[in-house]
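J.: Given the coordinates of chain A, work out where chain B should sit on it, guided by the hints.
Heads up: the protein sequence lines correspond to chains A and B, in order. Our numbering applies: residue 1 is where the first sequence begins, and numbers increase by one. Our numbering applies: residue 1 is where the second sequence begins, and numbers increase by one.
There could be a bad hint or two in this list.
Derived Cβ-Cβ restraints for the label pairs, each shown as a range [what the hints assert, rightly or not]:
#, chain 1, residue 1, chain 2, residue 2, range
1, B, Glu-13, A, Cys-17, 23 to 31 Å
2, B, Ala-14, A, Trp-26, 31 to 39 Å
3, A, Trp-26, B, Glu-395, 49 to 57 Å
Here's a subset of chain A near chain B, in silico, CB distances under 8 Å, partners left out [what the hints assert, rightly or not]:
#, residue
4, Ser-9
5, Ile-13
6, Ala-16
7, Gln-55
8, Leu-56
9, Leu-58
10, Ser-59
11, Ala-83
12, Ala-89
Since the hints were derived computationally from the structure, they do not count as laboratory data. These numbers were taken from a predicted model, which means no experiment stands behind them. Note that the Cβ used here is the ideal one computed from N, Cα and C, for glycine as well.
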Amino acid sequence: MNSPHCLPSELTIYTACETRLTWLSWLAEAADTSRAEVFAFDAAGVQEVDAAGVQLLLSLQRTLAARQQTLSLVRPSPALAAACQALGAQALVAES
Amino acid sequence: MKTSEQDYSFIEEALPAFISEAQEQIESLEQLLLQLEDSPGDRELLDALFRCAHTVKGSAGIFGLDRVVAFTHHVETLLDEVREGRVLLTPELSTLLLQCNDEIRALISCAQAPQSESDAAVGARQALVERLQAASGSQAGAGAATAAVAASTAVAGSAGSERRWFISARFGTETFRNGMDPLSILNYLRGLGKVPSLVCDSGAVPALEDLDPESCHLEFEFSLDTEAARSEIEAAFSFVRDDCLLHLVEPGATPQDFAALIAAMPDNARLGDILVAVGAITRVQLQQGLTSQAAASCEGGRSLPLGEILQATTGLSPQVVNAALDKQQKQRDAKGGPVATDDNRYIRVHADRLDQVINLLGELVMASAGAAVLARQTRQRNLMEANQQIGTLVEEIRNGTLQLRMVPIGETFSRFRRVVRDTAAELGKDVQLQIVGGETELDKSVVERIADPLMHLVRNALDHGLETPEQRLAAGKPAQGTLTISACHESGSILIGIHDDGRGIDRQRVLARAWERGLVEQGVVPADADILKLIFEPGFSTAEKVTNLSGRGVGMDVVRRNIEALRGTVTIDSEASQGSHIEIRLPLTLAIIDGFLVGVGASKFIFPLESVVEVIEARSAISTPDACGRSVVELRGRVLPVLNLRTLYGLETTEPERTSVVVIKTGSHSYGVMVDALLGQHQTVIKPLGRMFQSLRGMSGSSILGSGEVALIFDVNSLGELAAAGSAGSTPRVTAARGAAPQPPSVARTGVSPLLP
Numbered sequence: 001m002n003s004p005h006c007l008p009s010e011l012t013i014y015t016a017c018e019t020r021l022t023w024l025s026w027l028a029e030a031a032d033t034s035r036a037e038v039f040a041f042d043a044a045g046v047q048e049v050d051a052a053g054v055q056l057l058l059s060l061q062r063t064l065a066a067r068q069q070t071l072s073l074v075r076p077s078p079a080l081a082a083a084c085q086a087l088g089a090q091a092l093v094a095e096s
Numbered sequence: 001m002k003t004s005e006q007d008y009s010f011i012e013e014a015l016p017a018f019i020s021e022a023q024e025q026i027e028s029l030e031q032l033l034l035q036l037e038d039s040p041g042d043r044e045l046l047d048a049l050f051r052c053a054h055t056v057k058g059s060a061g062i063f064g065l066d067r068v069v070a071f072t073h074h075v076e077t078l079l080d081e082v083r084e085g086r087v088l089l090t091p092e093l094s095t096l097l098l099q100c101n102d103e104i105r106a107l108i109s110c111a112q113a114p115q116s117e118s119d120a121a122v123g124a125r126q127a128l129v130e131r132l133q134a135a136s137g138s139q140a141g142a143g144a145a146t147a148a149v150a151a152s153t154a155v156a157g158s159a160g161s162e163r164r165w166f167i168s169a170r171f172g173t174e175t176f177r178n179g180m181d182p183l184s185i186l187n188y189l190r191g192l193g194k195v196p197s198l199v200c201d202s203g204a205v206p207a208l209e210d211l212d213p214e215s216c217h218l219e220f221e222f223s224l225d226t227e228a229a230r231s232e233i234e235a236a237f238s239f240v241r242d243d244c245l246l247h248l249v250e251p252g253a254t255p256q257d258f259a260a261l262i263a264a265m266p267d268n269a270r271l272g273d274i275l276v277a278v279g280a281i282t283r284v285q286l287q288q289g290l291t292s293q294a295a296a297s298c299e300g301g302r303s304l305p306l307g308e309i310l311q312a313t314t315g316l317s318p319q320v321v322n323a324a325l326d327k328q329q330k331q332r333d334a335k336g337g338p339v340a341t342d343d344n345r346y347i348r349v350h351a352d353r354l355d356q357v358i359n360l361l362g363e364l365v366m367a368s369a370g371a372a373v374l375a376r377q378t379r380q381r382n383l384m385e386a387n388q389q390i391g392t393l394v395e396e397i398r399n400g401t402l403q404l405r406m407v408p409i410g411e412t413f414s415r416f417r418r419v420v421r422d423t424a425a426e427l428g429k430d431v432q433l434q435i436v437g438g439e440t441e442l443d444k445s446v447v448e449r450i451a452d453p454l455m456h457l458v459r460n461a462l463d464h465g466l467e468t469p470e471q472r473l474a475a476g477k478p479a480q481g482t483l484t485i486s487a488c489h490e491s492g493s494i495l496i497g498i499h500d501d502g503r504g505i506d507r508q509r510v511l512a513r514a515w516e517r518g519l520v521e522q523g524v525v526p527a528d529a530d531i532l533k534l535i536f537e538p539g540f541s542t543a544e545k546v547t548n549l550s551g552r553g554v555g556m557d558v559v560r561r562n563i564e565a566l567r568g569t570v571t572i573d574s575e576a577s578q579g580s581h582i583e584i585r586l587p588l589t590l591a592i593i594d595g596f597l598v599g600v601g602a603s604k605f606i607f608p609l610e611s612v613v614e615v616i617e618a619r620s621a622i623s624t625p626d627a628c629g630r631s632v633v634e635l636r637g638r639v640l641p642v643l644n645l646r647t648l649y650g651l652e653t654t655e656p657e658r659t660s661v662v663v664i665k666t667g668s669h670s671y672g673v674m675v676d677a678l679l680g681q682h683q684t685v686i687k688p689l690g691r692m693f694q695s696l697r698g699m700s701g702s703s704i705l706g707s708g709e710v711a712l713i714f715d716v717n718s719l720g721e722l723a724a725a726g727s728a729g730s731t732p733r734v735t736a737a738r739g740a741a742p743q744p745p746s747v748a749r750t751g752v753s754p755l756l757p
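Isolated chain A, as found in the complex (with noise of 0.2 Å):
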């Protein structure tokens, strides 16, 4: 497994869209490169995060299952994982 990327210090709907494109292109090269079955992001920068960047992930982690693939978030922060508790997307974060 090649080093992770790292998930953005802002995940909120103000990125929302910035962010997408760049994870859009890491897919896009991921896709050419590897074929490993988890990929794995590093979450331990996120500072803020809201629903909409919650929502952001369980997309990217829809998008990632249609290939066969898992998403798995490395040492999430506090922030991430409170959200995601509070959303009912613990899965998200959860110990793999």
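T.: Structure of chain B alone, referenced to chain A:
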């Protein structure tokens, strides 16, 4: 300045869409207000009412329609008071709100062509605003007291006891863009109490490629243990209420409540998830159920359905499980078909474009019929087969296209609610309007053209038919009168009924008026049914008191003419002090019908296919026709009147040896028509009758056949009257006197058909 120009052109383009949407909102505002009169205090209706006004105000703001915003704001304020129960929605208040709604409608229609207003208009609006303010203020004192009582009872009800609510929230796509964050709403709710379980249904979240990250697709199902009252929970959603689907299930909910909630749930869920989501079972119980199911199947035993296991282990009501299973089944069914989401099921199409397609379709039908004839003449099998296939396809396209123009008649009916309400109030009557069969569909052009005649009949029933409460009580009837408008399909036509339980039509007065006006010769008394028909004669009016609603003498004959112009018929039935019943029969469409083509000599005629019951051979048993071509034949032990078209229309050809009788059914009557040749089914594009034929009775239109010949289309109802005239006994010269509906001169008074047994 570039941006503002762009803005301006954007507004220019979007304004018509706004206006049409605002008009819809205003229409539903009106309907909601009227519905609220029947079920006052209905929370859902009140909420919807408020949202409608709010939406109008909001979108008017975007377009800078300051007058609309300023005025609607006052309406909204009052509606909010009403919604919170601080102001009671009295009939007077309802009237005021309806007037305000009219004002908003007027303001919106002015938006298209902005102009300076007259002082009078501004003054009138100011008066409304003052009344609105007075209404919010005056009752507020009294309302506050009730609110306080309500609050204290609410507190008393929940004091000290924590209750478990089940909440389902489906946030609207605009939530994020409106600056709202479901996360903070959920966190706020956590401040109210404990959230033991919460499920995020991310099924609606699209994959990253298709995601608009600024649209919200999140849905939550959770339970909340709290002491808070319903209003407090709802308040958490107040900023997103406009486009958020919110369901609260009260503590102590019954299986029915759960079932309703399941039905309202978004799709894409598994049985267990559905049940957990609505709070019928807990996650733990589900896990246990799943484990025991897995264990059972491991042991090689028959694995029970999850629903049954859960019923056994958790005591879950079978009704709830069934509701969940139904839901799943519907999802599967839905997936089989084309992808249908809640949105985008409708597209708006300009009516002109649709009409153009229908016109072209008419040409196509005729052209394909022509091609089929030519193909038959060549006697080439391949060509004929190919043509047949084209014919089938054209027919399918025809049916599909005509379907596009079908609209439910209910929208027209519900317009009458307001009319009935206001008219009844004006006349001092108490009337309840019932609408039956509003979902019945018919051609849009028919709907548009029937609205005015219907309106007239409704007003007539209110004005002349229904009595005042005092008169009704004196007659031993309930004070409130009932007016029923109904619609249903019957053999290719639509039946619209207007029924009132009023005083009925006084035949003596009708007759007296008819004598006075010279519609009937003095002293001649026609049959009962024919007396009633007199009210459709031109220049007839019985109202002793001419009100501004009806009684101007331009009424019923215009109604009848309009209906007949639609190839429809109108009949009236009335019983003294029991009420009147008016029945309108209309064709479903005006453009194209399935026809049954027949030949008599060299002439071709078309029956509407749905009125044809059967065809029998004309045996020698047929009686000799009278001067008008009427005779009878025995059909399965019953006497069937038969018309001979050759005699009726004076076709100068010799009768062939073999003829057939086409049996036609209209309403409850049947009759036969003698024809020489049966030419089969024919897609008929209806063209109007030429001037020459317009006085011909029994015809409703013409059509051009594939060969270029012209065929006449029968109006089976009036043809039926011709057939029945002989057997119905003496026929009064009712219509002939006015020359409005020409009859063959000899039909009038032949008395009993010579050959009736």
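J.: Please go over all the hints and tell whether each is borne out by the structure.
T.: Hints and how they fare:
1. Glu-13(B) x Cys-17(A): 23 to 31 Å: 25 Å Cβ-Cβ, so the 23 to 31 Å window holds.
2. Ala-14(B) x Trp-26(A): 31 to 39 Å: At roughly 37 Å between Cβ atoms, Trp-26(A) and Ala-14(B) fall inside 31 to 39 Å, so the hint holds.
3. Trp-26(A) x Glu-395(B): 49 to 57 Å: The hint (49 to 57 Å, Cβ to Cβ) holds, given that Trp-26(A) and Glu-395(B) are roughly 55 Å apart.
4. Ser-9: Nearest chain B Cβ about 17 Å off; hint violated.
5. Ile-13: With a closest approach of 5 Å, the Ile-13(A) hint holds.
6. Ala-16: holds, 3 Å
7. Gln-55: holds, 6 Å
8. Leu-56: Hint holds; Leu-56(A) Cβ to chain B Cβ min 6 Å, cut 8 Å.
9. Leu-58: With a minimum Cβ separation of about 4 Å from chain B (threshold 8 Å), the hint on Leu-58(A) holds.
10. Ser-59: holds, 5 Å
11. Ala-83: With a minimum Cβ separation of about 6 Å from chain B (threshold 8 Å), the hint on Ala-83(A) holds.
12. Ala-89: holds, 5 Å
Hint check: a violation occurs at hint 4 only; the rest are consistent with the structure.
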